[in-house]
Amino acid sequence: QQQVKQSPQSLIVQKGGISIINCAYENTAFDYFPWYQQFPGKGPALLIAIRPDVSEKKEGRFTISFNKSAKQFSLHIMDSQPGDSATYFCAAEIKAAGNKLTFGGGTRVLVKP
Amino acid sequence: EAGVAQSPRYKIIEKRQSVAFWCNPISGHATLYWYQQILGQGPKLLIQFQNNGVVDDSQLPKDRFSAERLKGVDSTLKIQPAKLEDSAVYLCASSSEGRGYTFGSGTRLTVV
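These protein sequence lines are chains A and B, in that order. The first sequence begins at 1 in the working numbering and counts up one residue at a time. The second sequence begins at 1 in the working numbering and counts up one residue at a time.
In short, the hints are calculated from the structure, not lab data. For each residue, glycine too, the CB sits at the ideal point set by N, CA and C. Be aware that one or more of the hints could be misleading.
Just the calculated beta-carbon pair ranges, DEER-fashion [claimed, not checked]:
(1) 80/B to 54/A: 38 to 48 Å
(2) 14/B to 29/A: 41 to 51 Å
(3) 12/B to 29/A: 38 to 48 Å
(4) 41/B to 28/A: 20 to 30 Å
(5) 63/B to 14/A: 41 to 51 Å
(6) 8/A to 38/B: 13 to 23 Å
Computed list of chain B residues with no C-beta within reach of chain A, every gap over 12 Å [claimed, not checked]:
(7) 2
(8) 6
(9) 11
(10) 17
(11) 20
(12) 27
(13) 43
(14) 64
(15) 66
(16) 70
(17) 72
(18) 83
(19) 86
Bound-form chain B, shown alone (with noise of 0.2 Å):
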C-alpha cells in the first residue's frame, strides 16, 4: 500500500510569514495525527482527527496554528504567523483500528 504523503519536503520562510504543510494519509486510515519534531527531540503532538473531525487539539497552538481535514481524507496545518521557535519537521502519520502508525516523511521548516 502507498505510505503516507507529505509535502513540500523543505520550506524555509521568513517569521511573521505564513505557511501551509498538507498530508495525504494511507487510504481508508480514519485517524489522522500531526505531529512536531524539534532537532533532537521526540515528536510532539499538535492534532488528532478521527475522520473530519478533532479528537484531540490540546497541545496545538491555536493562536498561530491551525489544521483541517476535509471530507475525512487529506488533511492541512497552516502556521499564522510564523515565529523562529516553529522551525521543526512537521510529521503526518496515519492509522487504523487494530493497526500502528504510519509517518509520513515530513516538512522541514526552517523559519529565519
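Chain A extracted, bound-state conformation (with noise of 0.2 Å):
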C-alpha cells in the first residue's frame, strides 16, 4: 500500500522559476513531515520538514505548504537554480512509532540555465 503519492514524476524548470512537488497521505497518524534532496550517487538528504500544526514553513528559497484537512503537502523551490536539479522525495513518519520513514515515489527536478 503506497501510503504517500508524490506528483510529478519530473518537472522541467528555467532558472529563475518555481518548482512545485505535491504529496498526499493516507495515513492521520503521520505526525512529521519532511522533504529530502538526493543527487546522483549520494544518498537523500534532508532539505526542509514541517509539523501538522503548522501550515507554511519557509526556510530560504524553500517553502512547504501544508493542508492537514486535505492530508496534502507541497515543496516549493523559488528562484529555482541549476545547481537545484535533482531528486527530490517527500516522506512520512509516525515520530512514536521509531521515526521511521515512508517515501514518496520521487521527483526528478530539471533547471534549465
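Assembling the complex is the task here: the two chains are given apart, and the hints tell you how they should meet.
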C-alpha cells in the first residue's frame, strides 16, 4: 500500500522559475513531514520539514505548504537554480512509532539555465 | 562530524550468489536503518536497529535477507541467495534522539 503519493514524476523549469511538487498521504497518524533532496550517487539529504500544526514553513528559497484537512503537502522552490537539479522526495513519519520514514516516489527536477 | 560510511560503493553479482554490505553510522547515533531504493522509486525501509536490537524488520524478506548490528555500532546487511529483483541501492542511515536522519551514499547492487 503506497501511503505517500508524489507528483509529478519529473518537471523541467527555467532558471529563476518556481518548482512545485505535491504529495498526498493516507495515514492520519503521520506527524512529521520532511522533504529530502538527492543528487546522483548520493544518499537523500534533509531539506526542510514541517509538523501538521503549522500550515507553512519557509527556509530560504524552499517553502512547504501543508493542508491537514486535505492530507496534502507541497514543496515550492522559488527562484530555481541549476544547482537545484536533483530528485526530491517527500516523506512522512510517525514520531512515536520509531521515526520510520515512508517515502513518496520522487520527483526529478531539471532546472535549465 | 563524519558522515555515515558504507561499503562497497558498487557490487555486481550473479543471481543466486550472496553479497554483504557494511555500514558505519555516525558516532553516538543509537538508531540505524537499512533502506532499499529501487531505481526510480523512493527508499523503502528494510530494518531498523536501536543500539544492537531490532526494532522493526517487518519489511525485510527474511528468507533471503539478514542483518546484524554488532556491539550497537557497525551493521551488515546480507542477501543470500540474490534475485534479479534485488538490484537496487541499499542505503544505510543513522539518527539520534531529537535529530534527523543522516543517510550514507549507498551501495549500488546489480544482480545479473
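**Asked** Which of the listed hints are not met by the structure?
**Response** Of the numbered hints given earlier, those the structure breaks are 8, 13, listed in rising order.
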